[in-house]
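If you're matching them up, the sequences are chains A and B in order. For the first sequence, UniProt numbering assigns the number 1 to the initial residue and increments by one for each residue that follows. For the second sequence, UniProt numbering assigns the number 1 to the initial residue and increments by one for each residue that follows.
Read the hints as simulated data drawn from the structure, not as lab findings. Treat the hints with caution; some may be incorrect.
[Unchecked claim] Simulated pairs of lysine-lysine, DSBU-like, Cα-Cα distance not exceeding 35 Å: (1) B:Lys61 <-> A:Lys87; (2) B:Lys323 <-> B:Lys77; (3) B:Lys200 <-> A:Lys68; (4) B:Lys148 <-> B:Lys69; (5) B:Lys119 <-> A:Lys99; (6) A:Lys87 <-> B:Lys405; (7) B:Lys2 <-> B:Lys76; (8) B:Lys210 <-> A:Lys3; (9) B:Lys107 <-> A:Lys67; (10) B:Lys61 <-> B:Lys107; (11) B:Lys340 <-> B:Lys323; (12) B:Lys210 <-> A:Lys97; (13) B:Lys123 <-> A:Lys99; (14) A:Lys99 <-> B:Lys2; (15) B:Lys77 <-> A:Lys68.
[Said to hold, decoys possible] Partial chain B-side listing against chain A, Cβ under 10 Å, derived: (16) Val162; (17) Cys201; (18) Ala221; (19) Ser230; (20) Asp234; (21) Ser296; (22) Phe373; (23) Gly377; (24) Ala380; (25) Trp383.
Just so it is clear, the structure is predicted and the values come from calculations on it, not from any experiment. Backbone N, C-alpha and C fix where the C-beta goes; we use that ideal spot for every residue, glycine too.
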Amino acid sequence: MKKVIAQTEINVNEEGYLTDFAQWTKEIGTEIATDYNIEMTDRHWEVVKWIQEKVNEGAALSIRGIKKSGVIDIKSFYALFPGGPLKVSTKIAGVPKPKSCI
Amino acid sequence: MKNLVILGAGTAGTMMANHLVSKLPKKEWEITIVDQYKTHYYQPGFLFLPFDIYNENQVKKEGKKFIPKGVNYIQKKIDRIISDENKISLEDETLDYDILIIATGSKIAPDEVEGMQGKNWQKSVFDFYTYEGALALRNKLREWEGGKLVVHITEMPIKCPVAPLEFAFLADSYFKKKGMRDKVEITYVTPLSGAFTKEKCSKSLGYLLKEKNVNLEIDFAIERVDNENSKIIDYADKEVDFDLLVTVPTNMGDEVIGRSGLGDDLNFVPTHHNTLQSLAHENIFVIGDATNVPASKAGSVAHFQAETLTDNILLYVEGKPLKEEFDGHANCFIETGENKALLIDFNYEYEPVEGTFPFAGIGPLKLLKESVFNHWGKLAFRWIYWNMLIKGIPIPFVSRNMSTKGKKLN
Chain A
1 MKKVIAQTEI NVNEEGYLTD FAQWTKEIGT EIATDYNIEM TDRHWEVVKW IQEKVNEGAA
61 LSIRGIKKSG VIDIKSFYAL FPGGPLKVST KIAGVPKPKS CI
Chain B
1 MKNLVILGAG TAGTMMANHL VSKLPKKEWE ITIVDQYKTH YYQPGFLFLP FDIYNENQVK
61 KEGKKFIPKG VNYIQKKIDR IISDENKISL EDETLDYDIL IIATGSKIAP DEVEGMQGKN
121 WQKSVFDFYT YEGALALRNK LREWEGGKLV VHITEMPIKC PVAPLEFAFL ADSYFKKKGM
181 RDKVEITYVT PLSGAFTKEK CSKSLGYLLK EKNVNLEIDF AIERVDNENS KIIDYADKEV
241 DFDLLVTVPT NMGDEVIGRS GLGDDLNFVP THHNTLQSLA HENIFVIGDA TNVPASKAGS
301 VAHFQAETLT DNILLYVEGK PLKEEFDGHA NCFIETGENK ALLIDFNYEY EPVEGTFPFA
361 GIGPLKLLKE SVFNHWGKLA FRWIYWNMLI KGIPIPFVSR NMSTKGKKLN
């Protein structure tokens with residue numbers, strides 16, 4: 001389905017995740033973040049960029065994987081993206097949330 | 001003579017040996033397969049072992065029986081792949097290869113989570129992804145008097161991602177049959193945002209948890225197992241109490257991949273999604289659970305991959321371009337208890353949907369719907385596995401690429 005975010009029409013799924021990463025911009029990320037009362041800082045963007053790179057490489061995202069990567073410690077990750085840090089950060093990053101096969 | 005070496009004689013490696021032995025010219029190629037273990041396990045059976053549906057003998061056979069004549073079978077531990085020199089060092093000898101197929105699979109790594117493999121391991125904390133774990137759990141369940149059963153996934157990706165859900169459903173049936181369902185509280189704990197994470201599955205199957213009276217705890221990223229107080233604790237300090245924890249620990253590729261510097265953080269080998277050639281070396285190919293491709297880690301996936309990979313090995317030998325053919329196709333039965341099962345058929349692009357399989361409009365198997373027929377299909381599959389699948393015999397009407405026919409795609 002289509003949705004207008006940051007004055008741009010983009011394609012999203014029923015839960016509001018972008019379905020085409022090519023449509024993602026920093027402005028879109030910033031506006032999605034406001035839905036979660038998150039004001040984006042450099043630290044947020046660093047994590048978002050890392051997530052985008054990982055997904056681009058085809059790697060699976062997990063909380064423990066993020067801890068091991070050293071990009072951010074887990075407590076800070078939860079503090080930056082409260083309420084399910086992976087599902088919130090992936091939505092802001094314009095990539096699919098981690099899924100199973102069903 | 002040139003050498004093709006296969007590492008791992010599990011589902012994928014054994015299939016490749018069987019495919020290639022009749023296709024590579026015998027005068028030019030010698031095929032060797034290496035695996036340190038003597039036993040070949042039917043891993044889907046590990047789901048049934050804890051509930052006394054299968055016994056030990058139904059899930060294991062001697063591996064040697066499935067390695068074809070004309071293939072050199074070495075039962076030794078693999079020390080390292082020296083990819084710059086096209087060599088494999090085994091415990092006491094070195095092999096040269098012209099082509100290498102990595103089929104070393106994935107396995108559980110319970111020591112990745114603090115306290116998981118602690119003093120309660122195989123006492124009140126169990127896995128069922130190993131033969132030993134499934135057997136220990138069976139013995140525990142036989143005498144367990146009830147309490148809080150927690151079925152838990154540590155992190156994705158895991159082998160057979162639906163198995164923990166099937167475990168919860170089968171547990172519901174098992175305790176009902178024993179007349180003690182009222183004494184058991186079942187909770188399903190997942191790091192994902194739901195038991196079902198895909199739109200159509202979630203709509204079609206959402207009723208199952210309620211029907212089976214299974215509680216759900218989502219977004220749970222485990223930090224540690226507290227053995228003193230029998231709880232699992234997540235990074236956000238959420239806690240879930242258990243009397244019996246059945247966990248799927250972190251799944252990782254084999255240590256040999258890590259030792260050889262060929263893997264990602266989880267020791268899975270970066271692999272081309274459609275050709276199955278390794279991204280780092282053109283004469284190394286990867287199949288089954290050992291790859292990092294975003295397909296399910298499942299026997300059916302390895303089976304479909306094996307058909308594409310066989311063609312690609314032959315193309316590579318002839319110096320021709322590889323086929324970008326593998327589409328992530330998976331075809332899996334999902335037990336839902338009460339002698340019923342679902343069937344799902346999907347690939348990289350299409351999520352599981354409703355429909356019929358393998359014949360459009362006819363079936364006889366139904367996709368994404370519970371049926372007794374699907375359950376028989378799952379049970380019949382054990383015979384197909386031992387007698388057809390790992391021997392590389394094609395399964396009639398089931399094609400390597402996913403068909404969109406007979407599927408309700410919209």
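Comparing the hints with the structure gives:
1. B:Lys61 <-> A:Lys87: violated (43 Å)
2. B:Lys323 <-> B:Lys77: The hint holds at about 33 Å.
3. B:Lys200 <-> A:Lys68: holds (33 Å)
4. B:Lys148 <-> B:Lys69: violated (51 Å)
5. B:Lys119 <-> A:Lys99: Satisfied, since the Cα-Cα distance of roughly 32 Å is no more than 35 Å.
6. A:Lys87 <-> B:Lys405: Measuring from Cα to Cα gives roughly 33 Å; hence the hint holds.
7. B:Lys2 <-> B:Lys76: holds (21 Å)
8. B:Lys210 <-> A:Lys3: Measuring from Cα to Cα gives roughly 33 Å; hence the hint holds.
9. B:Lys107 <-> A:Lys67: holds (21 Å)
10. B:Lys61 <-> B:Lys107: holds (19 Å)
11. B:Lys340 <-> B:Lys323: violated (38 Å)
12. B:Lys210 <-> A:Lys97: holds (24 Å)
13. B:Lys123 <-> A:Lys99: holds (31 Å)
14. A:Lys99 <-> B:Lys2: The given pair, whose Cα atoms are some 42 Å apart, is violated under the 35 Å limit.
15. B:Lys77 <-> A:Lys68: holds (28 Å)
16. Val162: Hint on Val162 (chain B): holds, closest Cβ of chain A at ~6 Å, below 10 Å.
17. Cys201: holds (4 Å)
18. Ala221: Since the shortest Cβ distance to chain A is 4 Å, the answer is holds.
19. Ser230: violated (22 Å)
20. Asp234: holds (8 Å)
21. Ser296: Cβ of Ser296 (chain B) sits 5 Å from chain A, so the hint holds.
22. Phe373: violated (19 Å)
23. Gly377: violated (17 Å)
24. Ala380: violated (22 Å)
25. Trp383: violated (25 Å)
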